[in-house]
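Asker: These are the residues of each chain, in order.
Protein chains: 2
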Amino acid sequence: MTGQKPIPVMEIFGPTIQGEGMVIGRKTMFVRTGGCDYRCRWCDSAFTWDGTGKSKPMVAEDIISKLDTLAAGRFDHVTLSGGNPALHAGIGDLIHKLHAKNIQAAVETQGTIWQDWLTHVDDVTISPKPPSSGMETDWKKLDTFMTKLSPQKTSLKVVIFNEEDYAFAKLVHMRYPHISFFLQVGNDDIHTTDDTTLLTQLRYHYEQLIEKVMLDSTLTNVRVLPQLHTWMWGNKRGV
Amino acid sequence: MTGQKPIPVMEIFGPTIQGEGMVIGRKTMFVRTGGCDYRCRWCDSAFTWDGTGKSKPMVAEDIISKLDTLAAGRFDHVTLSGGNPALHAGIGDLIHKLHAKNIQAAVETQGTIWQDWLTHVDDVTISPKPPSSGMETDWKKLDTFMTKLSPQKTSLKVVIFNEEDYAFAKLVHMRYPHISFFLQVGNDDIHTTDDTTLLTQLRYHYEQLIEKVMLDSTLTNVRVLPQLHTWMWGNKRGV
Ligand code: SF4
Ligand code: SF4
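Chains as they are written, first to last, in the UniProt record's numbering: chain D, 1 to 239; chain L, 1 to 239.
Fair warning: there could be bad hints in the mix.
No distinction is drawn between identical chains; accordingly, a pair holds when it is met within one copy or between any pair of copies.
Quick list of in silico lysine-lysine cross-link-like pairs, DSSO-like style, CA-CA up to 30 Å [said to hold, decoys possible]:
#, residue 1, residue 2
1, LYS170, LYS5
2, LYS236, LYS148
3, LYS153, LYS212
4, LYS170, LYS153
5, LYS153, LYS101
6, LYS140, LYS236
7, LYS170, LYS97
In case anyone wonders, no lab produced these hints; they're calculated from the structure.
Turn these sequences into a full structure, and let the hints guide you.
Answerer: Shown next as structure tokens:
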């Protein structure tokens, strides 16, 4: 194992569908890494960084054998999520080993930390965080991502909770108009277990967001999506 | 207008989101053409061919000016749906004129009738009809589509109502493994106005379909999606 950098892994599960963004509906496995350089107010994965969850250091082979234990032969796509997976240099080796087995890799990151292995990822979703998160975007860093990544394999996704977030989304899209752009409804009730009420709220917010975008002449080449997994399974983890 | 072939148009509406398939969530206008060479048992657009709706012959300019009346400056994508839009030679001219205005065009067809203008379409969804439709697939004709279309711009979508449909979906995917493949939950209650009950049913069927696909080692590089517009607006037309 010399030279291999372990990755702090919070959870591995699947196969399930990707509920969001550019490959919504895709059959995929999930590997969720620990640690984040952000502290978003509404983070739905705060257990990856607030001390309430515990990660396990795993090298690529460990992760792949865990994936195989869960679903050998039933998957060809793995989504690396966090936290911010781009904190971890060891993911480069994991992607390399997945590709050797004809398995694709997707990554979601907020676009704050560059890793060269990102150029090998099949679907990269960059999700700059809007004002409601309490975080601030470093546009120069984001520019680096957009310069280095291939547009065909990259998308931008902004989660919308309020008017300011919507204005921020426009800025992002106008700065990188050639990158596939997704607006996503924010989930502002990340702790409820009342799935029916949650779905009613999320549908309502989705309809409102659709209406707004449809009337907007500055947002044309865009996609507006819900989080399908939340519509299906509420705030439950590991589905 | 010499040489222009009018297209029988049933309805033009939007902008709204594309509720299905490869560009799910995309802001788009819809142009629905009249006439179909199929008679699917569960067709949700039977008014395009069963005599209950009335079409209007329109040439490309008419259609574009109607689109502009509805939403000038607020759209850059038009979805041509039916019926079977591939019945109409005149659509070639429409696509040409849309492209001249930097507007993309998507088409959905069952893959029975080839038109050379299909090679100019930005997103082509081929939806071969499963056994529950009562229709039979002409595989040779479908092969023509798959040979002539560019894989990057093409997807296959199969609607699933039952076990036989699921088996059919596998056949389609195995025959064209390099084409993006979507499984979609069928709506077997196309007349109800009880949106709440409909959503409960559709979610249940979607969850069942997801579970099935997740356990299936012959379906890995696939996407499983609902019809988002039906989840949002039930069986209402023109949204
Ligand atoms: S960037 Fe993502 S994981 Fe990190 S705090 Fe924000 S929402 Fe949570
Ligand atoms: S091919 Fe489409 S429009 Fe034609 S009958 Fe079947 S479902 Fe209806």
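Asker: Each hint should be assessed against the structure and marked as holding or not.
Answerer: Now for the hints, and whether the structure bears them out:
In this homomeric assembly, LYS170 and LYS5 never come within 30 Å of each other (Cα to Cα): the closest approach is 38 Å inside a single copy and 40 Å across copies. In this homomeric assembly, LYS236 and LYS148 never come within 30 Å of each other (Cα to Cα): the closest approach is 35 Å inside a single copy and 44 Å across copies. With identical chains, the CA atoms of LYS153 and LYS212 are at most 30 Å apart both within one copy (28 Å) and between copies (28 Å). Taking CA atoms no more than 30 Å apart as the test, LYS170 paired with LYS153 passes in both settings, with 21 Å inside one copy and 27 Å between copies.
In this assembly of identical chains, LYS153 and LYS101 lie within 30 Å of each other by CA distance both inside one copy and across copies; the values are 20 Å within and 26 Å between. For the homomeric pair LYS140 and LYS236, neither the shortest alpha-carbon distance inside one copy (36 Å) nor that between copies (46 Å) is at most 30 Å. With identical chains, the CA atoms of LYS170 and LYS97 are at most 30 Å apart between copies only, with a shortest distance of 28 Å across copies and 38 Å within one.
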